[in-house]
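Number of protein chains: 2
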Amino acid sequence: MPESRIPAAQLRRFMTRALERLGLPAADAATVGEFMTEAELQGSDGHGAIRLAPYARRIRAGGINLTPAIRIEKEKAGMALLDGDNGMGHLVMKQAAEIAIAKARNCGVAWVGARLSNHAGPASLYARMALEHDMIGVYFAVGNANHLPPWGGLDMLLSTNPIAVAVPAGEEPAVVLDMATTVAAYGKVKAKAQRGEQMPVGWMIDRTGAPLTDPKRSEEGFLMPIGGYKGYGLALVVGLLAGTLNGAAMGSETIDFNKDQSSVTNTGQAILMIDPDAFGDLAAFKARVDKLVREMRASERMPGVDRIWLPGEQSHARRVANLRDGMALPPTLVAQLDALARELGIPLLQET
Amino acid sequence: MPESRIPAAQLRRFMTRALERLGLPAADAATVGEFMTEAELQGSDGHGAIRLAPYARRIRAGGINLTPAIRIEKEKAGMALLDGDNGMGHLVMKQAAEIAIAKARNCGVAWVGARLSNHAGPASLYARMALEHDMIGVYFAVGNANHLPPWGGLDMLLSTNPIAVAVPAGEEPAVVLDMATTVAAYGKVKAKAQRGEQMPVGWMIDRTGAPLTDPKRSEEGFLMPIGGYKGYGLALVVGLLAGTLNGAAMGSETIDFNKDQSSVTNTGQAILMIDPDAFGDLAAFKARVDKLVREMRASERMPGVDRIWLPGEQSHARRVANLRDGMALPPTLVAQLDALARELGIPLLQET
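For the record, the sequence lines run as chains A and B. With numbering that gives the first Met the number 0 applied, the first sequence closes on residue 351, and no number is skipped along the way. With numbering that gives the first Met the number 0 applied, the second sequence closes on residue 351, and no number is skipped along the way.
Be a bit skeptical, because a hint or two may be false.
Note that the list lumps identical chains together, so a pair holds whenever it fits in one copy or between two copies.
What the hints assert, rightly or not - Pairs of lysine-lysine, DSS-like flavour, derived with a Cα cap of 25 Å:
no.: 1; residue 1: K191; residue 2: K258
no.: 2; residue 1: K258; residue 2: K189
no.: 3; residue 1: K73; residue 2: K290
no.: 4; residue 1: K189; residue 2: K285
None of these hints come from the bench; they were simulated from the model.
Using the sequences and the accompanying hints, generate a full structural model.
Here it is as structure tokens:
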């Protein structure tokens, strides 16, 4: 069965309609539908259309406030703390990024944290919001399930707490880093299990510290942090900045959103916006980024390496191709969306 | 030969006198001497007393401006860009951190970048400056020698660009992360070579991508970034934030300070200060950090693991012990300092 290629506008219409039918106000459904489509467009397939079914489950279980009063709880010239009122994370972090951009225009730099938020899709979406304003965006989040113990430990007290950084360039695509602080994200483990493949050594360890390579046994082990104790330290400080600072959940307070659909997750996220225009000539800055990007790309390569990629360059290429050709959704995902459409009484994706 | 235990005040006096004799104004010599002693106290031995000889070489070669006019080149309410005028990096970054703290008190958050700076010792020193003001400090720097190619490449275009984060706690020691974005810092490779030991697989690779474990062959290979392409991405974005944003050296512009003593390094660094008091009750924040720290420490442990450490906890313990007992400097280092003292015509460390 060939994969269906879905134009972005069609996926966005479908997502928006489904979210509206689930109870989101029309404007909010459109916003979340757009971010979910953006995630799919850039190839963040673990955070795109595949999330509609879990979002629907959580909404139906009463785990999301459909009409949140998102508000600024604390504010200074260069910062704000948002109370997300348990709304969809996309709505909270869109507002956080917009506030940070406006404040950074005045102060040069601004930071907005959020508590009582929820899963907001891929980290890079919010860092990337900086780019159309010629700013640098830096995003931190507390993940929504703990898969990582402290270094040397067995209790899963940390999540894959991601970092994203988006830096505008001139003629080159922006540099966009989006990374979990673990070697592999948990979604990649699940994908290996679905495909019946083994994991490489280094992704997971078991409770004795030995490599765990069978993804079907993933419940018996832990994700490995990048660089060993360094990745543990990174996951912890990202959580302190995105969670603890905001009074959001961290450590044992983290709600596993796969297992618990109704508790308030109190998800914490933070966004930092930096205006390069405050540091000097903007065009000169972008030219320096271009020069650096080209230097990396032109490096002599190891045997067997076809091309040096910059962070975010493959996502950028995928987004350009997906906008042009439509998105190839796997048949299992299309079937899942079809089932949900029937439940909700809305047209199937293909007929939207 | 037993190691000598040197009280901190004695090392500081010696460093300060040597730097003064090398031409630094008395107040600046005292500042740099104090930071170098702090580095040694916390066990950052690659960035402490061992750096006096290379600093002396660079100063004598005319590579450092001994009387820099460090000035704010650009400024907004929440940021500043410092021109370090090629002064010692410690002087530039001390000033940067102080400006950032003052601005963060007003704005909630502030960022200060520096260009035309120099090596400033361990990253954590400047992040830690936040702590006595009950703030969170985040520090980024461009390293002073390239040992890392872009992922898949062979040209060494990136340094070990470090990140440091210091988060104040209540009763617990502060959480202080200080990490290079490579699996091992280059100083650790040199130490292995000195001791005639092999490196573990994963520290370095050769030009074919195969593991390199003989530290005497380190010139034939590269450091490995943490998490593979992720660490490459981190090193690059840290460099963009600490270097490119400020108009400081990055990529091929980086001067290898081991090989070139006289060129202006145009080192770039950046410090971000965050005032938790702007986000809510400070004591409540610190109590949340304490709770999280204790949770990590109390985790069930893997077989053979005696204790779970928090980032910075070992440095903290070392600092407490070194303040109490004095510092155990290796005889080779003492001999190096003695030789320098004779050249400069100042009393030996032991007689200071």
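So, going through the hints one by one against the coordinates:
1. K191 <-> K258: Within one copy, since 21 Å is at most 25 Å while 47 Å is not.
2. K258 <-> K189: within (15 Å within a copy, 48 Å between copies)
3. K73 <-> K290: between (40 Å within a copy, 23 Å between copies)
4. K189 <-> K285: neither (39 Å within a copy, 37 Å between copies)
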